[in-house]
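*Asks:* What follows is the residue order along each chain.
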Amino acid sequence: MRVGVVTFPGTLDDFDAARAVRFAGGESVSLWHGDEDLVKVDAVILPGGFSYGDYLRCGAIARFAPVMSSIIEGAKNGLPVLGICNGFQILCESHLLPGALTRNKGLHFYCKDQELEILNNTTLWTNDFKVGEKIVIPLKNGEGSFQCDDKTLDELEGEGRIIARYIGENPNGSRNAIAGISNAAGNVVGIMPHPEHAIDSLTGPSTDGLAFFTSILKKMVNA
Amino acid sequence: MTAQSASSVKVIIDVMLKAEILDPQGQAIANALPRMGFSLSPISTRQGKRFELTFDHEPTDLEISEIKKAAETLLANPVIEIFEIRMER
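So the protein sequences, as listed, match chains A and B.
Position 132 of the first sequence, counted from 1, bears residue number 132 in our numbering, the numbering being contiguous throughout.
Counting from 1 along the second sequence, just add 1000 to a position and that's the residue number in our numbering.
Since the hints were derived computationally from the structure, they do not count as laboratory data.
Even for Gly, the Cβ is constructed at its ideal location relative to N, Cα and C.
It is possible that some hints are incorrect.
To be verified - Partner residues aside, some chain A positions facing chain B, computed with beta carbon under 7 Å:
#, residue
1, Ala100
2, Arg103
3, Lys105
4, Leu107
5, Gly173
Stated by the list, open to error - Listed next, the in silico DSS-like pairs over lysine-lysine satisfying Cα-Cα at most 30 Å (straight line):
#, chain 1, residue 1, chain 2, residue 2
6, B, Lys1069, A, Lys76
7, A, Lys105, B, Lys1018
8, B, Lys1069, A, Lys151
9, B, Lys1018, A, Lys151
10, A, Lys76, B, Lys1068
11, B, Lys1049, A, Lys140
12, A, Lys151, B, Lys1049
Sequences and hints are given; from them, build the entire structure.
*Replies:* Below is the structure:
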């Protein structure tokens, strides 16, 4: 089970994402933004950070990187893709996920341990959770406010594609307190908070994030 | 900035968040105005982006259509933003 972790110029969390894959029992494979070849990985993670300095809009330049053309094509054919934070922004800019992430309400950059409720455990990246499970993982972003039109919001709610919601005060003004969503097929998931920073009690507030990574490994091994 | 030749043409692309999208930066500016002593009371304050593409010739129809394409794929995100293209000679 080989999981590719993409590094763009300005990516920060690729090492932690790769470590999370290894903690879950998988093999992590480094993928470079300028390389179209996905070297036959079974799944891809777009990690957090500030790709291309967040110039223009978060994720807007990364979306046109050579590696993304292969990932977009793969995702449409079922390749599992998880976008965390900046990776979520890239998935929205790529139109693999609907909506967009905009400046936090109140303009503050938030960095804190955030409680979430898992709402969907049928996606490739969340099947190792229980529906209704409450988890704590770090949230750290300046542009994490999920926005979309009413029709898209109704679709996401109606189809159960909101995978996680913030518990307590909505930290960034996301519509319906959305922390993460999936595409209709369930192979592409975007999440604003950082599961890869919460896999080991030595380095994170919990180990709750690990289930994102064990989810994909179980799914692929059983497939 | 007077170095441009007399024949240069500036294509300006203004990008704004859609009216229904929350604009915290615009809100922060709106809050700063009275704090700084301005007596203005706009009913709305929004912040946007401006792009300038300067040409040394009158853009052709093909170039204009490419600029439109660039605006809707790269310069603006149509999910949350609107854009306007105009020319300054």
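*Asks:* Can you list which hints this structure breaks, lowest number first?
*Replies:* Of the numbered hints, all hold.
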